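Protein sequence lines correspond, in order, to chains A and B. Going by the numbering used here, the residue at position 64 of the first sequence is 64; the numbering climbs one at a time, nothing skipped. Going by the numbering used here, the residue at position 24 of the second sequence is 139; the numbering climbs one at a time, nothing skipped.
FYI, nobody ran anything at the bench for these hints, they're computed from the structure. Every value quoted in this text rests on a predicted model; they were computed, and no experiment measured them. Glycine included, C-beta positions come from ideal geometry on N, C-alpha and C. Errors might be hidden in some of the hints.
[Claimed, not checked] Quick look at which bits of chain B chain A covers, simulated, 3 or more residues with Cβ under 8 Å: (1) 165-177; (2) 180-186; (3) 192-198.
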Amino acid sequence: MSRVTALSICASAALLLYILEMVRRRRLREEYSILWLSGSLIILVLSVKQEWLILLAKAVGIAYPPSFLFLVGILFILLILIHFSIAISKLHQMNKRMAQEIALMKNRQGQQADP
Amino acid sequence: MAAIPDPVRVLVVIPAYREGKSIGAVVTAVREHFPYNVLVVNDGSPDDTSAAARGAGAIVLDLPCNLGIGGAVQAGFLYARDRGYGAVARIDGDGQHDPQDIGRVLEPILNGTADAVIGSRFLGETGYRGSIPRIFGIGFFRALVNLFTGYRVTDPTSGFFAINRRLIEFYSAHYPSDYPEVDAYILMHRLKAHAVEVPVRMHARAEGKSSITTFRAMYYMVKVTLSFLINCIRRFG
Numbered sequence: 001m002s003r004v005t006a007l008s009i010c011a012s013a014a015l016l017l018y019i020l021e022m023v024r025r026r027r028l029r030e031e032y033s034i035l036w037l038s039g040s041l042i043i044l045v046l047s048v049k050q051e052w053l054i055l056l057a058k059a060v061g062i063a064y065p066p067s068f069l070f071l072v073g074i075l076f077i078l079l080i081l082i083h084f085s086i087a088i089s090k091l092h093q094m095n096k097r098m099a100q101e102i103a104l105m106k107n108r109q110g111q112q113a114d115p
Numbered sequence: 116m117a118a119i120p121d122p123v124r125v126l127v128v129i130p131a132y133r134e135g136k137s138i139g140a141v142v143t144a145v146r147e148h149f150p151y152n153v154l155v156v157n158d159g160s161p162d163d164t165s166a167a168a169r170g171a172g173a174i175v176l177d178l179p180c181n182l183g184i185g186g187a188v189q190a191g192f193l194y195a196r197d198r199g200y201g202a203v204a205r206i207d208g209d210g211q212h213d214p215q216d217i218g219r220v221l222e223p224i225l226n227g228t229a230d231a232v233i234g235s236r237f238l239g240e241t242g243y244r245g246s247i248p249r250i251f252g253i254g255f256f257r258a259l260v261n262l263f264t265g266y267r268v269t270d271p272t273s274g275f276f277a278i279n280r281r282l283i284e285f286y287s288a289h290y291p292s293d294y295p296e297v298d299a300y301i302l303m304h305r306l307k308a309h310a311v312e313v314p315v316r317m318h319a320r321a322e323g324k325s326s327i328t329t330f331r332a333m334y335y336m337v338k339v340t341l342s343f344l345i346n347c348i349r350r351f352g
């Protein structure tokens with residue numbers, strides 16, 4: 001086993017376990033863990049099953065198979081970032097609504113007359 | 116709470132952020148000239164904006180954090196919607212808009228000839244002069260609005276306007292977060308709302324600076340253009 005293979009197996013396995021542990025401790029919600037888990041799982045499988053990696057790399061025309069791992073990693077990072085942007089936009093919208101509702105409620109409770 | 120909308124019941128909405136020095140005079144001036152309720156939406160100001168507005172006799176909504184102009188104005192629309200107001204007039208809290216012009220801006224709303232009336236600095240002999248980049252920006256948005264909506268606008272970024280109940284309800288659900296004025300034309304166009312401009316006077320601001328610094332102008336142009344174009348193809352459920 002080459003050093004790069006060992007490294008990629010260790011790193012992806014560690015990431016996978018870390019994410020699982022975070023979810024188990026409720027530090028990370030399941031919905032935000034799916035992309036992390038699937039990304040690290042795919043990299044782990046491709047690191048162990050070298051023949052699959054070589055096959056896939058050839059299929060898309062990549063001469064140096066480990067580059068395919070980078071490709072998978074980058075794609076998942078992209079997906080995760082897009083997912084975050086969407087989640088932040090949703091939170092932004094909810095936060096705005098709540099701030100508006102709080103202001104309206106405070107006004108109602110303050111019994112400010114609306115003649 | 117949900118009162119039956121009264122088409123001639125008017126709420127004057129003034130969004131305010133750090134306007135403690137000018138807001139009192141603006142509220143007082145509105146109340147001097149018109150019998151309407153005045154709602155100041157304090158957009159999380161750290162200064163005494165809220166107290167100054169209350170002191171001058173305004174109803175005040177205190178947002179717990181700074182939402183930006185669109186979110187603040189929308190809070191005013193929500194208030195008007197819930198309390199059954201038939202029309203909202205919105206002016207700035209920094210003294211740039213002349214409260215006496217509220218009458219002119221409201222008139223087509225109250226007699227039912229328009230859904231939205233926008234006060235324009237460039238109609239009539241209002242004597243407004245802006246910096247060259249600002250004039251360029253306004254020209255750009257004017258062309259954008261005219262091209263995509265067919266509305267013949269002269270002052271697309273004006274924050275002095277009045278709307279009727281129909282738009283109050285729509286804007287309560289859909290209103291852009293920041294820099295909402297240009298975007299609003301697309302929303303009105305999508306609703307087939309009847310929008311007209313009337314001339315208004317613009318004063319030099321009494322206190323504070325424009326919310327649009329030169330540094331942010333580019334961001335403003337890009338953001339507004341993008342959100343304007345997206346609004347052309349968006350669904351409003």
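* To do: Can you take a look at whether the region 192-198 of chain B is actually covered by chain A? Rule is 3+ residues, C-beta closer than 8 Å.
  => It holds, with 4 qualifying residues against the three required.
* Go check the region 165-177 of chain B versus chain A for me, would you? Three or more residues, Cβ under 8 Å, otherwise it fails. => Answer holds; 4 residues pass the 8 Å Cβ test.
* Do at least three Cβ atoms from the region 180-186 of chain B come closer than 8 Å to Cβ atoms of chain A? -> holds (count 3)
Every hint, counting from the list given before, is met by this structure.
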